[in-house]
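Protein chains in written order, with our numbering: chain P, 1 to 166; chain W, 1 to 99.
Don't read these hints as lab results, they were simulated from the structure. Hints are supplied without guarantee of correctness; some may be wrong.
[Said to hold, decoys possible] So the derived label-pair ranges between C-beta atoms look like this:
#: 1; chain 1: W; residue 1: Asn85; chain 2: P; residue 2: Asn5; range: 47 to 53 Å
#: 2; chain 1: W; residue 1: Asp92; chain 2: P; residue 2: Ala107; range: 21 to 27 Å
#: 3; chain 1: P; residue 1: Pro80; chain 2: W; residue 2: Gln54; range: 22 to 28 Å
#: 4; chain 1: W; residue 1: Val94; chain 2: P; residue 2: Leu153; range: 25 to 31 Å
#: 5; chain 1: P; residue 1: Asn111; chain 2: W; residue 2: Gln54; range: 20 to 26 Å
#: 6; chain 1: P; residue 1: Val143; chain 2: W; residue 2: Asp95; range: 52 to 58 Å
#: 7; chain 1: W; residue 1: Asp95; chain 2: P; residue 2: Gly103; range: 29 to 35 Å
Computed from a prediction, not measured in an experiment: that's the story for all the values here. We put the beta carbon where it would ideally sit given N, CA and C, even for glycine.
Below, each chain spelled out in residue letters.
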Amino acid sequence: MTAQNVAFWVLAIAMGGGAVGVVRSRNIVHAALFLIIVLVGAAAQYIVLLAEFVGITQFFIYIGAIAVLFLFGIMLTRAPMSAGNFDNDQRWPAAIVAVFLLGVLIALLVNAFGHDNIKLSDELLRASRTGPVADSIFRNFVVPFEVVSMLLLAALVGAVVIARRD
Amino acid sequence: MALNQYLILSAFLFCCGVYGVLARRNGVLVLLSVELMLNAVNINLVAFAAFTRQIAGQVFALFVITIAAAEVGVGLAIVLLIYRNLRSPDLDRVDQLKG
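With the rest of the complex left out, here is chain W (with noise of 0.2 Å):
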């Protein structure tokens, strides 16, 4: 199998996930975005992996799988943070460091 079709997928993915990021409004929406980057950042490691035949994308694998969960724990918290003092998850509304 070619390299590149796994590479090539995980750089679609990632685009999906900066498309999400830049153009979603509501907050959990925002999240599920970067949800994608991580996966494609993942599947390129695990490609390598299985390329370079070396077992240490494997664990890079396992270790962002965890920062993803950490990540999304204190997320969705400030989320939720942010819904309980404007009424709303639109991050569009957190302006008040506007000038």
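Bound conformation, chain P alone (with noise of 0.2 Å):
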């Protein structure tokens, strides 16, 4: 077993652990702080598959801003800090259809990708840097970044202009 794999197993139940804290955690400040375990965990896992950028980007952007943000949310809506219910009475039926579509995913993924393994080489390593992900953003995928770019500024004006007080 090599040490990516072990990684990717420590990583793997921590963040599984953190998902299910989120969907069933009683104290809604602890599910957003089980959010930050999954968030951390992807960046981690990004650096293991050689993703550094993604990985650092993952990290500013979802823990520096959108965990904060939440918690901002979390503030804004006076949500009690202690215990409470937070589900809805569907909650079997959102289990079952929960555990059905796992169940038909990882069928599927088996069938499909069963027999495929990802190589960590230098290789992969020097084509996964940064320089070369700034290269394809700004050759291959102009003309999406820039899109993106004003969709974040009518996101950010919408924002402003729903949650202002008249």
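Relying on the hints, combine the two individually framed chains into one complex.
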């Protein structure tokens, strides 16, 4: 078992526990903190997969901005900090749908990609450094990049307009 | 490393997100579950980028991160407005269009 495999399983177990915590926690602040575990785990998985720039961006944007935004949202909606019931009465149908979907997905994935392996080599490391990512964004994907920047601007203005007190 | 271990981890995160969206009542918790689903997509994109040795997967993961930031901004503004109008962030009480 390689070091990358060990790292994967440690991170995967932490992320799985965190994900269950997000959807099952009876304390809303704990749910947000469980989400941070999942986000840090995902950033670490990207670094294991040699996608350094995506990992660092995930760390900055998700943990630096989005998690703080969620904590502000919890504060502004005056959610009870103590344990409470945040579930509606469709818990069992939702669990059945989720387990069924997971079963179908796992069966499909094992069927389709059961024998495929990722080879983490020096060649892959050189090809997925920040430089090639930047080249790809500003050469092949420059139009989507501009569209995304306009979308961010529109979303920010829209959020201000929606949340503003008249 | 097997490609499948990443894909199955991501499928598990996605199904947790589906459960959370369906079973949670609080608007902020529904948005947290949507974030779980978006992260599952990102893990898939980066795993396939490493598998196919093409950089496009990483670029699309960056785009998804950007879209997620925009989605959280607008989503939290909407939850805040629901809280301000209904005095509660519970999405079950947003039922004025119910026939």
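Now the hints, each set against the structure:
| no. | hint | result |
| --- | --- | --- |
| 1 | W:Asn85 / P:Asn5: 47 to 53 Å | holds, 51 Å |
| 2 | W:Asp92 / P:Ala107: 21 to 27 Å | violated, 34 Å |
| 3 | P:Pro80 / W:Gln54: 22 to 28 Å | violated, 48 Å |
| 4 | W:Val94 / P:Leu153: 25 to 31 Å | holds, 28 Å |
| 5 | P:Asn111 / W:Gln54: 20 to 26 Å | holds, 23 Å |
| 6 | P:Val143 / W:Asp95: 52 to 58 Å | violated, 41 Å |
| 7 | W:Asp95 / P:Gly103: 29 to 35 Å | holds, 32 Å |
Comparing the model with each numbered hint stated earlier shows that hints 2, 3 and 6 do not hold.
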